[in-house]
Structure formats: structure tokens, C-alpha cells
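> The hints should help you fit chains Y, R and G onto chain L, whose structure is shown.
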Amino acid sequence: MKKPIIEIVDAIDTAKVYEELSDAKSGGICVFVGTVRDFTNNETVVSLEFEAYKTMALKEMAKIIDQAAAKWPLNKVVMRHAVGVKKVQEAVVVIGVSTAHRDACFEACRFMIDTLKDTVPIWKKEMFKNKTVWVSAHP
Amino acid sequence: MKKPIIEIVDAIDTAKVYEELSDAKSGGICVFVGTVRDFTNNETVVSLEFEAYKTMALKEMAKIIDQAAAKWPLNKVVMRHAVGVKKVQEAVVVIGVSTAHRDACFEACRFMIDTLKDTVPIWKKEMFKNKTVWVSAHP
Amino acid sequence: MEVFLFGIAKDIVGKSTLDLSTLEVKPNSVKELILFLNDSYPGFTKLTSLAVAVNGEYAPQELHLNAKDEIAIIPPVSGG
Amino acid sequence: MEVFLFGIAKDIVGKSTLDLSTLEVKPNSVKELILFLNDSYPGFTKLTSLAVAVNGEYAPQELHLNAKDEIAIIPPVSGG
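Residue numbers (this note's numbering), protein chains in the order written: chain L, 1 to 139; chain Y, 1001 to 1139; chain R, 2001 to 2080; chain G, 3001 to 3080.
Each hint should be verified, as a subset may be incorrect.
What the simulated footprint calls covered on chain L by chain Y, stretch by stretch (three residues with Cβ under 8 Å from a Cβ of chain Y suffice, anywhere in the stretch; the number is not a length) [to be verified]:
(1) 34–45
(2) 49–62
(3) 68–78
(4) 86–95
Anything over 10 Å on all C-beta distances counts as not near chain Y; from chain R, calculated [claimed, not checked]:
(5) E2024
(6) L2047
(7) G2056
(8) L2063
Treat the hints as calculated values from the structure; they're not laboratory data. Virtual Cβ for every residue (Gly too), placed ideally from N, Cα, C.
Next up, chain L with everything else stripped away, as it sits in the complex:
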């Protein structure tokens, strides 16, 4: 695997991710982009706000890529999360991977976004019209 791109940024440029993942040894590239949806639990979402414990988040993101690389033969990986206020339709996370065959890129991409949501110290606050909610904080 080539050195992965792991970043926490203010804004995600989705247009450049293919160039970053393009690779002569790869026949498949799978990319997941998480975006802000306008409704959650039937309430209109105005925006989301993301906060990260940046140094630790970058370490946890690197661990996820190492775990994926131990399971599947990965060629290139991009894992980029945004922080700050994100409006509807904006990208909040992008995870992409290129592999020789498509099985591995789909499975690794799915594993990485699932694990990121479980372990990486980033917090999402939903901003509704009349309230804000830290997602997953309460049962």
C-alpha cells in the first residue's frame, strides 16, 4: 500500500479524490462520501457542526487503515473528515480506496466508514430550527 492520505480539513473537495486514488495496479476504486441530509427524524436540519480531537482522530484514522490493509490488499487510500459547520448537501467525510479487484475496494471502504463512525473522536451536533442535539450522546 502506498502512504495513505489522512486529513481533517475545513472543507472537502470531492473532485480531487479520484486523482488521489488513481493507480496503475488498481482495477477498482470505491469512494464513500457522507453528506448533510436535510431531514433527521422528521425534523428539518439547518446544518451540522463537527468537532474533532484532531491529534487523536488522525491516529485513530490511521489505525483503521492499518486494520483494513491487514484484511484486504489495498493500493491507495484517502480518508478525509471535515470539521466546522456544514450545510445541507455539503460533504462531511470522504473515504476512498483503490484495489486490484472490486470485491476488496467495496468491502474495505465499507469497513473503514463503519469503523470511523465507531472509534474516531469526532462529534456531530445537529442544528435544528429551535434546538441543537449532540448526535448519539443520549440513549
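Just chains Y, R and G now, kept in the frame of chain L:
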């Protein structure tokens, strides 16, 4: 589902696919890009050449999207295949889908590329240094 | 009755269309067309599979062929 | 002994860091720190989960805390 984008083109612009899939009702976008790999069965690939029965291929591509839309709640879909000679690292197919939740976008994207490879009348010729091979033609 | 040829089918026949209108006994069905191809061009018998599309849809073997149909030979597809 | 607070932990305490150096009885372990937080700020007891990171790694309850450790309270994460 919004009207899907279904195209057979001479060259694929991967940078624009997110803009095409971006959607206020979607929290997840999954994109698969098939690219030309430099080796197949331990032989150096110089290029691939794709030929399509275009009118029928577009119909079969539309059927696949209809089948996926019957299985998963899809918001936007892009299915674009290239024809002609493609060099190593070039994109030959892009399939992207945006959905409210990520489960559906991964599953629908995977279903669509798998089914495209099975049913859409497009043919791939591998160009090696000293020979050419129509992929899958012979057992 | 013109038949479009794609992929390896084009290589087997040596051209991209096949005119069946000059044949004395024209194939009446998809099944007869496939028998004709296998007999006339043995390369077809070596393929992994062979399908026929009529008017842009995969056609069952029993489908009757009409003079105005758009007919295409579909060797094993390999897109993606 | 300064503790970083993120997400809802910041709201519960009302600031983004918590200075424990002035406490008479300082927590000696992750477990004691969590007990201290639950006692001092009942909002913590209502969370789905509560973890502590020491020097940028998730820390087990029994881990001993040193004055120079970088300590952070990790309420339920929700990235992505």
C-alpha cells in the same frame, strides 16, 4: 428517484460525478470507478478497447437502475461507461448512487456494477504486447 | 435480414454485419440463427456463451425472426 | 492536570478544559476520573457511554494518571 444519468461516452470525467449525485435528501454517496490495470494474469496490459451495442446497452443499463430502485430507496444515480481505447489508469466505468443512508448506497452500487458486468452488451478486448484477447469469450 | 456482430463475433465472421437475405433457407427463429452460425462459422461453438438480441432485447430461442427485426449477435459480455 | 473536553462534555462542564490540579484529592486513575466527573457533573451519568483518552489513546479504567499526561474526555463519538 430523480431521472438517472445513463451514458456511453468516449471519455469519463470522474471529477464531476459528485456534483451529479449531490442531493439534499441523501446522507451517503457511493461511487465505483472501474479503471485499467497494468497487469492481467501476469501479463502486461498495454490498453483495453471497449465496444458497445449502444442502443441496447443503454436500455440494459436503465433496467439495472430500475431493478436497484425496486430493491433500495435511491435518490440519484449515475451510470456511465466508456468505449474506445483506454490506457492504464484511465476510467472505463463509473457507477454512483446517493441514498438517505449508507447501507443502501453501498449495496445498490455493488449490485449495479455486478449486474452491468453480467448483462450489458459491452465487450472488452485486452491489448497485450504481442496479442489481443476478447475477455470472457472463451472458457 | 441483416445481423449486427460485436466483439469476438465480428472477428469470427470477419465483418461487422452479416446479410442473411441472400440465403436460400433463412433462419426463422433465434434457435435456427444460432444453428446456422455454429454450422457456418465453427468459431462460435468455442465461445463461453452465445446470445441473440432482437430489437435491442435479449431474445429467447423460440422467438420468430421477421425481416424487419434488428438482430444482433451477443458473445459473452465483458463491460466494466 | 488539565483535561480536554469535547462535544457534549464541553456543554456539561460549561468549558472546554477542566483543571484538576487545584483538587484536594486528584484522581489517580481513569476510573477515579470518571467517578469524579459523574459525581461533580451529573450530566455525564446520562450519556450513552463515556471514555477517556490518555496521550491520544483510548485508556483502560485501571490506567494510572500522571501529571504530564494529555487527558481528554470522549463522549459518544458521531463522526461520518
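> All hints are to be evaluated individually against the structure, with a verdict given for each.
The hints, checked one at a time:
no., hint, verdict
1, 34–45, "holds (count 6)"
2, 49–62, "violated (count 0)"
3, 68–78, "violated (count 0)"
4, 86–95, "holds (count 3)"
5, E2024, "holds, 28 Å"
6, L2047, "violated, 6 Å"
7, G2056, "violated, 4 Å"
8, L2063, "holds, 15 Å"
In summary, the structure is inconsistent with hints 2, 3, 6 and 7 from the numbered list given earlier, while agreeing with the others.
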